[in-house]
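In full-length UniProt numbering, the protein residues as written are 1 to 204.
Since the hints were derived computationally from the structure, they do not count as laboratory data. All figures in this text were calculated on a predicted structure; none of them were measured in a lab. Ideal placement from N, C-alpha and C gives every residue a C-beta, glycine not left out. Honestly, I wouldn't trust all of these hints.
To be verified - Derived EDC-like pairs: lysine to aspartate or glutamate, alpha-carbon spacing no greater than 20 Å straight-line:
no., residue 1, residue 2
1, Lys165, Asp178
2, Lys165, Glu122
3, Lys43, Glu122
4, Lys43, Asp14
5, Lys165, Glu198
Stated by the list, open to error - Simulated restraints on C-beta separations:
no., residue 1, residue 2, range
6, Glu155, Gly83, 41 to 47 Å
7, Pro44, Glu122, 37 to 43 Å
8, Gly83, Val26, 17 to 23 Å
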Amino acid sequence: MTTNSTAETAIPLDLSLYLVTGENPVETVRRARHATCIQVRSKPISARDLHALAEEIARIALPHQKILIDDRVDVALALRARGVRIDGVHIGQDDLPVADARRLLGEHAIIGLTTGTRELVERANTVAHLIDYIGAGPFRPSPTKASNRPPLGIEGLHELAELSKIPVVAIGDIWPQDCPSIRETGVAGVAMARAFVENPELQA
1 MTTNSTAETA IPLDLSLYLV TGENPVETVR RARHATCIQV RSKPISARDL HALAEEIARI
61 ALPHQKILID DRVDVALALR ARGVRIDGVH IGQDDLPVAD ARRLLGEHAI IGLTTGTREL
121 VERANTVAHL IDYIGAGPFR PSPTKASNRP PLGIEGLHEL AELSKIPVVA IGDIWPQDCP
181 SIRETGVAGV AMARAFVENP ELQA
């Protein structure tokens, strides 16, 4: 797993401030110097365009920032094979199965998995040895991604953080003012998209 590797974890995985790219992704990443993880997501987008976007982001990201590809294991594989600094993927419930993603990407890649209900977290616990973290959401309904799951709120996040065997990243229309109470739930990190664009305090 990533936390025990050598070459790819000279800088340990830090999930505390997780950027999910949206509008103006390159400029957002350029300004988001405090982000510890960057999930390259842009929907809808072709595999070719995602490939080009991720490569550009990898060129400008800071050394401490882990770069993850949303959904597309094939894009991550292609870039890693060319030596581009892509650290792993974040996959959803309808994407490639976790075991196959791990087999393809190798033991040192970072793999995150979307959850958001007790059932999904319990299922993730059965493959905890194959993944590095789970995303839990939505915290509240998000205009950037329709999950078809009820919002968790503080109580729901706390419940899932206690249930999970692996670190949890909260996601879903989260803003800086939400972070203190969210961090008290026991999650390892907070993911934000629009907040990075609209809040200068998140930028260096």
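Now the hints, each set against the structure:
| no. | hint | in the structure |
| --- | --- | --- |
| 1 | Lys165 to Asp178 | violated, 24 Å |
| 2 | Lys165 to Glu122 | holds, 9 Å |
| 3 | Lys43 to Glu122 | violated, 28 Å |
| 4 | Lys43 to Asp14 | violated, 25 Å |
| 5 | Lys165 to Glu198 | violated, 33 Å |
| 6 | Glu155 to Gly83: 41 to 47 Å | holds, 45 Å |
| 7 | Pro44 to Glu122: 37 to 43 Å | violated, 31 Å |
| 8 | Gly83 to Val26: 17 to 23 Å | holds, 20 Å |
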